[in-house]
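The whole structure should be built from the sequences, with the hints applied where relevant.
These protein sequence lines are chains D and W, in that order. For the record, in the first sequence the residue sitting at position 53 is 53 according to this note's numbering, with numbers rising by one throughout. To convert, count from 1 in the second sequence and add 1000; that's this note's numbering.
Hints may be right or wrong, so weigh each one.
Partial chain W-side listing against chain D, Cβ under 7 angstroms, derived [to be verified]:
no., residue
1, Gly-1043
2, Pro-1044
3, Tyr-1046
4, Gly-1103
5, Phe-1106
Output of the computed footprint for chain W on chain D, the stretches with three or more beta carbons under 8 angstroms from beta carbons of chain W [claimed, not checked]:
no., segment
6, 34-44
7, 104-114
Hint data in this document are derived by calculation from the structure and do not stem from the laboratory. Glycine residues also receive a C-beta, built at the ideal position from the N, C-alpha and C atoms.
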Amino acid sequence: DAGITQSPRYKITETGRQVTLMCHQTWSHSYMFWYRQDLGHGLRLIYYSAAADITDKGEVPDGYVVSRSKTENFPLTLESATRSQTSVYFCASSPRDITYGYEQYFGPGTRLTVT
Amino acid sequence: DAKTTQPPSMDCAEGRAANLPCNHSTISGNEYVYWYRQIHSQGPQYIIHGLKNNETNEMASLIITEDRKSSTLILPHATLRDTAVYYCIVRVAARHSGGGADGLTFGKGTHLIIQP
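Set out below in structure tokens:
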């Protein structure tokens, strides 16, 4: 099915482990984004990417690594998970180029628990 | 980016029009008004956006006042599935922000509850 998917949908990991969250979109959108959502903070941008091999930091990038070797995939890696990274993670993509605004389409989210 | 103010919650009867207000009195000329919603446990969903003219799509209508200091999102025939948190976001177009398509800033939004 076309759209934006995330995997896994639920993940429990231990402190210190590396974990990778996957995001895949079938629209060939140029822009992709990773957000986290926590109670009391709303959604906060972690990283974004304007195209394959182009990434940039958002508001809360510390502890996270991203890559984008293919347009359709934008994995997010927690190098050494901490309890403060327990959150719901949303991936998004945007069809617009930089001359337009922020019409973004979000995936279903990954609920990550770090114990 | 201009700050937005929305009521924390609203009720609406099923089948009636839901009118969600947003105040953005400090909006500048190159800033768009965006509306998103988030149904419980789902990712945010884009609804509509506009600059100065009223806009309509299959989901909703967006009415922006002439001075652009406020706007109203209208769901013409609300259903129970429209119960969600609705976010009004004001954001400059990427071409005016230095070229980067950085992310959206979601505030607390309005929790719209559709009553049967």
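Taking the hints in turn, this is what the structure says about them:
no. : hint     : verdict
1   : Gly-1043 : holds, 3 angstroms
2   : Pro-1044 : holds, 5 angstroms
3   : Tyr-1046 : holds, 5 angstroms
4   : Gly-1103 : holds, 3 angstroms
5   : Phe-1106 : holds, 4 angstroms
6   : 34-44    : holds (count 3)
7   : 104-114  : holds (count 6)
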